[in-house]
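**Q** The chain contents come next:
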Amino acid sequence: MSKTDPGRFFEDYRLGEVIEHAVPRTLSGGERALYHALYPARGALYSSDMFAASCGLRSAPLDDLIAFHTVFGKTVPDISLNAVANLGYAEGRWLAPVWPGDTLRARSEVIGLKQNSNGRSGVVWVRTTGSNQHGTDVLSYVRWVMVRRRSEGPAPQTVIPDLAPALRIGDLVPPEGLDFSRYDDVLAGERHRLGDYAVGEVIDHVDAVTIEEAEHMLATRLWQNTAKVHFDATQREDGRRLIYGGHVISLARALSFNGLANAQMIVGLNGGAHANPCFAGDTVRAFSEVLETGQTNAPGVGAIRVRLAAVKVTEARDEGYGLKGPDGRYLPHVLLDLDIWALMPV
Amino acid sequence: MSKTDPGRFFEDYRLGEVIEHAVPRTLSGGERALYHALYPARGALYSSDMFAASCGLRSAPLDDLIAFHTVFGKTVPDISLNAVANLGYAEGRWLAPVWPGDTLRARSEVIGLKQNSNGRSGVVWVRTTGSNQHGTDVLSYVRWVMVRRRSEGPAPQTVIPDLAPALRIGDLVPPEGLDFSRYDDVLAGERHRLGDYAVGEVIDHVDAVTIEEAEHMLATRLWQNTAKVHFDATQREDGRRLIYGGHVISLARALSFNGLANAQMIVGLNGGAHANPCFAGDTVRAFSEVLETGQTNAPGVGAIRVRLAAVKVTEARDEGYGLKGPDGRYLPHVLLDLDIWALMPV
Amino acid sequence: MSKTDPGRFFEDYRLGEVIEHAVPRTLSGGERALYHALYPARGALYSSDMFAASCGLRSAPLDDLIAFHTVFGKTVPDISLNAVANLGYAEGRWLAPVWPGDTLRARSEVIGLKQNSNGRSGVVWVRTTGSNQHGTDVLSYVRWVMVRRRSEGPAPQTVIPDLAPALRIGDLVPPEGLDFSRYDDVLAGERHRLGDYAVGEVIDHVDAVTIEEAEHMLATRLWQNTAKVHFDATQREDGRRLIYGGHVISLARALSFNGLANAQMIVGLNGGAHANPCFAGDTVRAFSEVLETGQTNAPGVGAIRVRLAAVKVTEARDEGYGLKGPDGRYLPHVLLDLDIWALMPV
Chain A
1 MSKTDPGRFF
11 EDYRLGEVIE
21 HAVPRTLSGG
31 ERALYHALYP
41 ARGALYSSDM
51 FAASCGLRSA
61 PLDDLIAFHT
71 VFGKTVPDIS
81 LNAVANLGYA
91 EGRWLAPVWP
101 GDTLRARSEV
111 IGLKQNSNGR
121 SGVVWVRTTG
131 SNQHGTDVLS
141 YVRWVMVRRR
151 SEGPAPQTVI
161 PDLAPALRIG
171 DLVPPEGLDF
181 SRYDDVLAGE
191 RHRLGDYAVG
201 EVIDHVDAVT
211 IEEAEHMLAT
221 RLWQNTAKVH
231 FDATQREDGR
241 RLIYGGHVIS
251 LARALSFNGL
261 ANAQMIVGLN
271 GGAHANPCFA
281 GDTVRAFSEV
291 LETGQTNAPG
301 VGAIRVRLAA
311 VKVTEARDEG
321 YGLKGPDGRY
331 LPHVLLDLDI
341 WALMPV
Chain B
1 MSKTDPGRFF
11 EDYRLGEVIE
21 HAVPRTLSGG
31 ERALYHALYP
41 ARGALYSSDM
51 FAASCGLRSA
61 PLDDLIAFHT
71 VFGKTVPDIS
81 LNAVANLGYA
91 EGRWLAPVWP
101 GDTLRARSEV
111 IGLKQNSNGR
121 SGVVWVRTTG
131 SNQHGTDVLS
141 YVRWVMVRRR
151 SEGPAPQTVI
161 PDLAPALRIG
171 DLVPPEGLDF
181 SRYDDVLAGE
191 RHRLGDYAVG
201 EVIDHVDAVT
211 IEEAEHMLAT
221 RLWQNTAKVH
231 FDATQREDGR
241 RLIYGGHVIS
251 LARALSFNGL
261 ANAQMIVGLN
271 GGAHANPCFA
281 GDTVRAFSEV
291 LETGQTNAPG
301 VGAIRVRLAA
311 VKVTEARDEG
321 YGLKGPDGRY
331 LPHVLLDLDI
341 WALMPV
Chain C
1 MSKTDPGRFF
11 EDYRLGEVIE
21 HAVPRTLSGG
31 ERALYHALYP
41 ARGALYSSDM
51 FAASCGLRSA
61 PLDDLIAFHT
71 VFGKTVPDIS
81 LNAVANLGYA
91 EGRWLAPVWP
101 GDTLRARSEV
111 IGLKQNSNGR
121 SGVVWVRTTG
131 SNQHGTDVLS
141 YVRWVMVRRR
151 SEGPAPQTVI
161 PDLAPALRIG
171 DLVPPEGLDF
181 SRYDDVLAGE
191 RHRLGDYAVG
201 EVIDHVDAVT
211 IEEAEHMLAT
221 RLWQNTAKVH
231 FDATQREDGR
241 RLIYGGHVIS
251 LARALSFNGL
261 ANAQMIVGLN
271 GGAHANPCFA
281 GDTVRAFSEV
291 LETGQTNAPG
301 VGAIRVRLAA
311 VKVTEARDEG
321 YGLKGPDGRY
331 LPHVLLDLDI
341 WALMPV
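Protein chains in written order, with this note's numbering: chain A, 1 to 346; chain B, 1 to 346; chain C, 1 to 346.
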């Protein structure tokens, strides 16, 4: 009997099946410190207990993307170990803050299946939910991946889930107690509030970071993500290690502080594409396009929907915000195209 | 008067002498988070307070190898600063869990001495014990190293300690309260329990990791290990930094999760050899051979003795589990050959 | 309206103006663990709660330089984003320990201005103060930087602050309760106490560390320092990332353990120069020259003033303690020339 886990193949998924993912994880101030070392993250609400308290929270929660990466990492052995591609995200909602000391676990329900016409792979849709030690759900999102078949065989019935193109503001869940009515712009680092952002406005976040192998591996391991291509230089013919897409998400989010410092908490993930692979040595910068704004029920708390893009700095240095070519495909220097909702003082 | 510490030489050790090692160390969730970033460690008992509580512990202890590296690091300035080689380990026992907030210190007793025939070096055996702030011993092991003489001189009486080739199960100390009778295989990540492992069985742990300079230096410094060859690229003629052998131990142990996920806690170190030096750029994989299994007195808690090997992936990619050549010497791609006891649910 | 912060230019500073810096920061054991991973720091008082308690403190504070880097990092967006050069430090005093759980914020007062004769830049002097969540000041220092003008224009009145060439011992503030009368040399790691150091004595700290890109970027981000030149390899024509001067300070301080292990806490910064830029691949070593010694009011607590220098190991390996050439300029291999006060048992 082989003792190692080969991961699941397309034919191993059943519609409606619920997979409990292994290895729950207790998070602490250690993960927060590492997050600050790995990304240029400066959001005041996640950096300072005092700032968070002034916004009605008991202390600073862990970064919204720490919750995301931790939950995502749990799913890798069951969902994406044999994935050919990570195709998309939808209906991602942050449901409760994660505090230092919390223990997160994750489960996924298979909500869609579609075998490819070549019979050698298929698309699996899962709705993943992360919960804490009290049984409270902290995060839920849909992800779909293309997974290899172990061997050719008959296709299961095709079921493609009906997913919202974007969450509405009413779907968002501001943390209990959150109150931006005494929000301190000076300590937050920028004066621009919700009313200062116009739909269609594009923000060039100016700063850029060149990525090292050690950094993306430290980050990816921190979330107990075990996909070989991130760690083993002998896996690809070109000897390069593919950078975990979530590393680029966190990098772009952190870079977006300069221009979106008051987009304090990500509470919705409407969609996203890892447009091109990212490798060590790439220098990454970020743009945001404002898609929608509105108010939540929480006092002083608005919501801003932005398209957050990460691009590689190219030799020509002519990379701008245009993400797709005339053929509708992503340009080669585009790494990430993410559609998120964040909370911002009105 | 020179203020810097040149380290001890062979003639500075006296049989029976007890050396109190400097700089006690308080550990926290920060060291745990870094451990997860540095190694693909996924043992549920060390990752989750809830999982540990379901096994009868008050919360998740720090990884067994965090305790080992911290104690080992304390000994370096007194034992191995002038070491030519780290020759072996024996009779290593983990005696009590180490919890976040604990402060560890270490002392070593010189239990053996043997001058080499060339008169320029000798072998020193020490029994090192780590203890916590309550004075409780948490770890004890014998290590022997070859140390240079400062100058030639008469040899001390040769005393070679009588060391057990391996601990017996009765020598192992399961943590107080440990109870695997309600062990959750799904959350642990694998179904194989003690009875599923056969003596002689060899497990190829499949995954591999390519090591970067920054990673092994971060790890080695984290344990306050100060040996120059790990940090200073001008120390060796080839400009390479030698990777701390303990880094390879932790890497192999973490890689062994895939196939030995339920080998939850290392409680015994029977022996070990750092077969060949490891350098940045090496891609490391791991094998385990089952040597012995048995039951402890703790409810549901068995013990598995494995030979854990780390090897470099070579260009020929033909590296397998064979560790030694026909001449009985380690093959050039073999990095580590470790003999350990771990606790596993029956 | 541009949303990103271009940083301040010379003409944006007004004498007497007080700038509240953004993004307060809560520190934990995570930052301490990372500090130990990034630097070979072994000071017993910052490493062990028990050792600190034996010195009259409630537990181990965070390293003096963690406080410095955190406060310094806060000032970067307001003070040095458009700085051409970091010219000097003076009158730096550590005023209270920083404990895990503390939240630090920073403010700077503009205390001097001098436009350069070319009209394109000027020197700005600021006195920066870091304080904790109780409003207690923990650190104060003067720094001056050369900052670009946005456009040419009339010079403000030149005001050059009158700064002490060095603090006197009476200016130093030993932490409340600090008591070295039962100081444990063995656990501290060295026997040399204040009386063993002679003014004029030079200590070669022997050890050296080769720096990697990932390490200095992790460190600099950890302090939320956002200066582009440290992270973006496309900023300089030579494609190199300039290492944050504070990284070299921490490296030199940590290397100085070997010879100055009992210089437990930095409490004064009299001056300092980043003599030459440092880049990844440089191998760094440290020297200290004893400048002054004396006693404080705290029981058993002396103070030692040292000139701490960091130099690059050159191919010729002939680098010694001589820091300046016959022309009074720093030699090319010199990185750092720092003048500090530290507390040491008498």
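Derived by calculation from the structure, the hints in this document are not laboratory data. Wrong hints could be hidden among the right ones.
Some but not every residue of chain A turned toward chain B, in silico, with C-beta under 10 Å [to be verified]: (1) 2; (2) 8; (3) 11; (4) 38; (5) 100; (6) 157; (7) 160; (8) 210; (9) 214.
Label-pair distances were calculated between CB atoms; the ranges are [as the list claims (entries may be wrong)]: (10) 15(C) x 87(A): 57 to 65 Å; (11) 153(C) x 195(A): 44 to 52 Å; (12) 99(A) x 177(C): 45 to 53 Å; (13) 297(C) x 279(A): 51 to 59 Å; (14) 191(C) x 133(A): 47 to 55 Å; (15) 200(B) x 15(A): 37 to 45 Å; (16) 177(C) x 101(A): 24 to 32 Å; (17) 179(B) x 191(C): 34 to 42 Å; (18) 198(A) x 239(C): 34 to 42 Å; (19) 186(C) x 204(A): 51 to 59 Å; (20) 328(C) x 154(B): 51 to 59 Å; (21) 17(B) x 133(A): 47 to 55 Å; (22) 202(A) x 15(C): 54 to 62 Å; (23) 117(B) x 191(C): 47 to 55 Å.
On a predicted model such as this, the values are computed, not experimentally measured, just so you know. The beta-carbon is built from N, C-alpha and C at its ideal position, and this holds for glycine as well.
**Q** Taking the hints in turn, state whether each one holds.
**A** Hint by hint, here is what the structure shows:
1. 2: holds (8 Å)
2. 8: Since chain B brings no Cβ nearer than about 14 Å to residue 8(A), farther than 10 Å, the hint is violated.
3. 11: This hint is violated: residue 11(A) lies away from chain B, its Cβ roughly 20 Å from the closest one there, beyond 10 Å.
4. 38: For residue 38(A), the interface hint holds, since the closest Cβ of chain B sits about 8 Å away, which is under 10 Å.
5. 100: holds (8 Å)
6. 157: Since the shortest Cβ distance to chain B is 27 Å, the answer is violated.
7. 160: Violated: closest Cβ of chain B sits about 29 Å from residue 160(A), beyond 10 Å.
8. 210: Violated - the Cβ of residue 210(A) stays beyond 10 Å from chain B, reaching only about 14 Å at its closest.
9. 214: holds (4 Å)
10. 15(C) x 87(A): 57 to 65 Å: holds (59 Å)
11. 153(C) x 195(A): 44 to 52 Å: violated (33 Å)
12. 99(A) x 177(C): 45 to 53 Å: violated (32 Å)
13. 297(C) x 279(A): 51 to 59 Å: holds (58 Å)
14. 191(C) x 133(A): 47 to 55 Å: Check passed, 49 Å falls within 47 to 55 Å.
15. 200(B) x 15(A): 37 to 45 Å: 42 Å Cβ-Cβ, so the 37 to 45 Å window holds.
16. 177(C) x 101(A): 24 to 32 Å: holds (29 Å)
17. 179(B) x 191(C): 34 to 42 Å: violated (48 Å)
18. 198(A) x 239(C): 34 to 42 Å: holds (37 Å)
19. 186(C) x 204(A): 51 to 59 Å: holds (58 Å)
20. 328(C) x 154(B): 51 to 59 Å: holds (55 Å)
21. 17(B) x 133(A): 47 to 55 Å: With a Cβ separation near 48 Å, residue 17(B) and residue 133(A) satisfy 47 to 55 Å, so the hint holds.
22. 202(A) x 15(C): 54 to 62 Å: violated (38 Å)
23. 117(B) x 191(C): 47 to 55 Å: violated (35 Å)
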